[in-house]
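Participant: Sequence:
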Amino acid sequence: MRTTTAEKLVQLQRNPSNIRNICILAHVDHGKTTLADALVASNGIISQRMAGKLRYMDSREDEQTRGITMKSSAISLAVQKDAQEYLVNLIDSPGHVDFSSEVSTAVRLCDGAVVVVDVVEGVCPQTHAVLRQAWLENIKPILVFNKLDRLIMELKMDPLEAFFHLQVILEQVNLVTNELFTTEIMAKTSSADGTESEESKALSHDWTIQADDEEEERNIFFSPYQGNVVFASAYDGWGFTINHFAEIFSKKLGIKKEVLQKTLWGDFYLNSKTKRIMKGAQSKVKKPLFVQFILENIWAVYESVSVKRDAEMTDKIVKSLDLKISPRDMRHNDPRVKLQAIMGQWLSVSRAVLDVVVDELPSPLEISEDRVEKLMCSQGQSFLSFPKATQELKDAFVACSTNDHSPVILFVSKMFPVERKMLPQFKQRPLSEAEIQQRRDKTTRRMSDKFSYCCIIIVTTSQEAAVLDEGAKSANGISVDIKTVSKDTTEEPPTVFVAFARIYSGTVKKGQKLFVLGPKHDPSQVEEGTVRVGQSVVDLGAQEHITAFNVSDLFLFMGRELEHMEEIPAGNILGIGGLEDHILKSGTVSSTVMCPAFTDLYFDASPIVRVALEPKHAGEMGHLVRGLKLLNQADPCVQVLVQETGEHVIITAGEVHLQRCLDDLRQRYANIELHASSPIVPFRETIINPPKTDMVNEIIQDQPIKTAKTKEFEDDEEVIETGLVEIYTANQKCCIRIRALPLPEAVTNLLEENVNLLKTLHRFNRAKVYGQNSDVKDTVSEALGHLKSSLSKAFADEGKSWTDVVEKIWAFGPKRVGPNVLLNQVEGYDRPSVWDIQSSEGLFRDFDSSIVGGFQMATLAGPLCEEPVRGVCFVIEKWEYIDMSYPRIAKLSESDSDPKLVEEDITSVELSSSLEKSVTIEEVEKDVDEKCRDGDKDDDNCEEEKDIPNLQRRKEYGPFSGQIISCVIAGCRKAFQTRPQRLMVAMYKCNIQATSDVLGKLYAVLGKRNGSILEGDMKEGSQTFNVVATLPVIESFGFAESIRKKTSGLASPQLVFSHWQVLDVDPFWVPTTEEEYLHFGEKADSENKALQYVNAVRKRKGLKVDEKIVEHAEKQRTLTRNK
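In terms of the working numbering, the sequence shown has 1597 at position 707, counting the first letter as 1, and numbering is strictly consecutive.
It is possible that part of the hints are untrue.
[To be verified] List time: in silico EDC-like cross-link candidates among lysine to aspartate or glutamate, alpha-carbon distance up to 16 Å:
| no. | residue 1 | residue 2 |
| --- | --- | --- |
| 1 | Lys1399 | Glu1453 |
| 2 | Lys1909 | Asp1294 |
| 3 | Lys1399 | Asp1294 |
| 4 | Lys1658 | Glu1611 |
| 5 | Lys1311 | Asp1205 |
Since the hints were derived computationally from the structure, they do not count as laboratory data.
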């Protein structure tokens, strides 16, 4: 029976000091949803017997089928402790790595977290991930050790072994938190030691002072005596903390409760003679207090109920604990039911966890100023740089004020899809007595009118028949005007979106007008008066980021249900209706436009698996497009795009995530049958230094091996040497020499790790070129300086050939931020440095942007299979024009002019020696003016000459700029192809836990899919192996199912994207040496994996594939066999 009503929850919402916003975080299958069931059952929403079986927070059908949580869902619970009533807003989050984005949406809205760890499996990869996410969002966690029953029933541990096992797991968890804390402190101390202005030094905090005291303040470590650790078995319904047993034994032993709290966990024992607690239990071979007073009692209950099934002993335990167990439970044949009844009454898990939540986790009033500034300030932005009105919002934020005059500030972490029929206003509800009586009277009146109508004599004239027809309608109680019925009535969509949000300040009310602030919203523009408010996202221009809306509905989340609300004060988690046209995935909502946009959510796993979609029937393409829009809004991680080929593509985090997205499209959003392509896995193309060994590990002594591809360029005049080409534009007016080199791996990794910083650098460089405001914050300058010094060090470590190349960097690519570099080594061309974003010393040569544009396009699609290039450095060594008056080139190239004119104008002039030698457009204009002044002013040629510079004012967009772009693209590709080419594959890091019985089968599946084993250590005190391996993403589809089949469900992998790895096989390799012929055969019949991948990608993209239609045709093949 439900013990909490909506009215009671509304009252609790008005007291922020007694509100706790928490989320449950854990690795997959560690018991989050089972624990959530136990907490929900404490409010009578579900039965205690069904807790752990119902999975109440998993409302989707596929969640129930697979047995994993796929979305974050919230519920509000009322908790009573020491005559105080509290409101706990609980969010259950997924543990599968494919849905880690849902964890990010949950963590942002909470002040505390319940981290669940399976005591058998221990600390797993997602445990690391969720602890890191909680740390980055500055929320306080508590720890729950779950599944202690497995230590008793499965691993058959005795209490002492279990105690040591728990100590080891606690140390592992604390090691993770210590790493996070150390990393943060080192980052802040290093930034404090860097070069800073006097003002920033005064404002910065000295993190090196009293670091130990700060550790104590923040309670970064978990310890049972601190009260932030719960020991539990959620499925059996029991749990406890040290405080619970300290209170019990303080009365029995006469020892102070505070002393027992500090000594029940640790190396302490009770001296039976002196009745004193002593230290050194392990050295004196004594039972620790935790074993003697706690674990042995729990083990005794399990042994009597589940192991020996001793009825007498069970009755004795029930009486000694003073429990009231129903006779039905005591007579039940299933010992688990009896065990749950006893342990649930003795040590209720819901009471243990909720007490720790109320005592240890902070309320909304305790939000720190550091967290407020981190939420309001994006990367590279200082809180002090905001306008004064924006800085004043911090006080309302920290105070969590609920007054009407306080500004409303809330953050939407995701858009939550809900079926329209599940909304409170459309759900069936029980009728009141008055409504039942009203319906009864209406039915009686309708029946009496129908009876009286049947007694009327029917008139046969058509006019009177029409009157009777109309009377029949009114007699039957139907008051519908036929003329008003419209055939064009549009059906409302079956799915609506509710914003999943947290209110930080003010009170949001139904019908209230609020502003939605886009991610690029800048409050400083409001002061300048340059802000326009749109009615939806569609109305906004390129530089407009604010829309206004009226709150149509307010909801309170109750698991699978929604409760309608009129107003919700600050500090609560809520649902908001009416935001479908204003927010795509997440956003900031406020009653004032001076509020800054909140920082973006942190996503631990990035989407990598692509699938192209098309409807089964071409006429349903519109349904697919609408369905993809809804899917993009509903899923915080999925990416939806239309490729250049016109294909509609979705990008997902993994195989399970992909299947869920396809099911949602088919059953909820598009409601059509779909065809999905095989997964489109990304590759990268790169070059390497010439290998020193061949395919049979023989050392290459003479010349490097030449493949069929490199032999194509032996007679090419444009190829000077390996990796160096000299190429001319189509009209032979410009010569460019390009060298391709493999970039050091450390540099490539640095560039990939600092993509956001490179975006900021490009933004400031572009603002400088176009004369826009390019004021740089101190934090951005420091970050860029640190990146520059890191790149210099990484280049210097690779040898003298890379000395001083950082200042010569021309651009990064592709898309201006990629892991490839364009270097400027053109003699005499001293272009402005890409790092110098505040001053513009030096001049850009004409068509400089064309060189950069060609480099960007060349690195975006490599020559192997049009995949992006990674880890390649292109060096421009020569850039010459072969014409003094090159502004005329466009005209000459368009219309093949008089040869005499060409001969007169063309002179070979080398412009790479000095920038001053290059002829500018202004000089050509001056020369033409002098000619026209001295000669005949009416000459047609004079007018034609004057038009030439005017045509060339937009030279970057003219035909000559296009020729330079094409020339650079061709040069980069050819220089790339003359080097040893390699394909790079995306790699998953695979974590699998399996017993020794199935270890061989596990290794066989990994080997078949080209996986590599990194670790395979056995866990202490168990027969479980923790296997860590790498697996190509392209080989991962169906891998989890194959593992489960081969191991009979005893092993289940967790796949997380790890890195890019070079496939060390030349795609164009053929055997050349005797050893290779002997090993691989004359035709090298063994399959070349790199060539297979390249051909598969080229086929998908419609590119040319050099593949034989008939293979091995020497021998006749017959269908019958000679007998």
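Participant: All the hints need checking, so say for each whether the structure fits it.
Facilitator: Outcome of the hint check:
no., hint, in the structure
1, Lys1399 with Glu1453, "15 Å, holds"
2, Lys1909 with Asp1294, "57 Å, violated"
3, Lys1399 with Asp1294, "10 Å, holds"
4, Lys1658 with Glu1611, "38 Å, violated"
5, Lys1311 with Asp1205, "50 Å, violated"
Hints 2, 4 and 5, counting from the list given before, are not met by this structure.
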